[in-house]
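Trainee: Sequence:
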Amino acid sequence: MEAEIFELQKQQDDLDIRDSRGDPDTVQCFRSWKKLRSSTDPGQLERIELILKIRERLKEYHEALVLQEAVLKMGKPHAGTVEAFKLWLDGKSEGPGGRHAPSFSGLSAARLNNEEDLVALHPAFDKDWLATLAELPYLRLLCLDSHVDESIALFSMRKTKRAVGILSMLLAAIMFTVSIVSLYLVTNNTTRLGLICAFTVMLAAILQLLTNASRTELFACTAAYAAVLVVFVSGNLGSTCCNTMSTGG
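Each residue of the sequence shown is one higher than the one before, starting from 1466 at the first, in the numbering used here.
Hints are all accurate, no fakes.
With a Cα cut of at most 20 Å, we get these calculated EDC-like pairs of lysine to aspartate or glutamate:
1) K1500 - D1484
2) K1500 - E1514
3) K1538 - E1580
4) K1524 - E1472
5) K1524 - E1534
6) K1499 - D1481
7) K1475 - E1521
8) K1538 - E1581
9) K1551 - D1582
10) K1518 - E1469
11) K1518 - E1472
12) K1499 - E1511
13) K1499 - E1514
14) K1518 - D1506
15) K1541 - E1581
16) K1551 - E1580
17) K1500 - D1481
18) K1475 - E1525
19) K1518 - D1481
20) K1551 - E1581
21) K1518 - E1467
22) K1541 - E1580
23) K1524 - E1469
24) K1518 - D1478
25) K1499 - D1484
26) K1541 - D1582
27) K1518 - E1528
28) K1538 - E1528
29) K1518 - D1479
30) K1475 - E1511
31) K1500 - D1490
What follows is a list of derived Cβ distance ranges for each label pair:
32) R1496 - S1679: 53 to 61 Å
33) E1521 - F1550: 34 to 42 Å
34) N1579 - Y1526: 22 to 30 Å
35) F1684 - I1470: 47 to 55 Å
36) A1689 - L1583: 36 to 44 Å
Derived from the structure by calculation, the hints contain no laboratory data.
The model shown is predicted, which means the values in this text are computed figures rather than measured ones.
Cβ atoms here follow ideal geometry from the backbone N, Cα and C, with glycine treated the same way.
Just need the whole structure built from these sequences, with the hints factored in.
Mentor: So, in structure tokens, the structure goes:
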């Protein structure tokens, strides 16, 4: 399409050179759109036809650019989904209810072989390590939605997100409980400060490795967690000092 537009541009340049050397009426048509539209000269009619053709090709070109941008923004399908779909279309599904004959033959039979040419019309589920954990064999049963046949099952993204949310809450509750109990049982202030640093680093590592938290969210959560631990230790230190002074008195 670009080659065609370049060719049309070359034709327009040739017409511009020709008309710039013509009589005054031709030059006037070259300068005025109104004069050009009202002219009956065959050369000017040729120019108008060329202009309309260029306008049409440019519109097609811009529409193609927009479509290409939309296609490039589409995500890639999950490898497991592609493999399951291949088995199903090739008639290799297991079980008595599975398919036993390929769905396509000829050139269409290899349509899924090149995964680089495949796109997902629906955006892929944003997976992290917690989502992967939710897809373990036993936990995955909680997200089961329906079966296509004995070899292919459909899992609900809503249930998967709910399972990931539950795992996140359990992990957060464990982190807070372990840190608070540890700081409560330890009485040495130096050890407490070391535990605060260790728990803060541990939380940052968990957020980085197990979730898709952004850098801003990572800093905000880590700072808030450290602040809670510092406030807890400060209050405990204050009560300890008061008890010590009362005992000394």
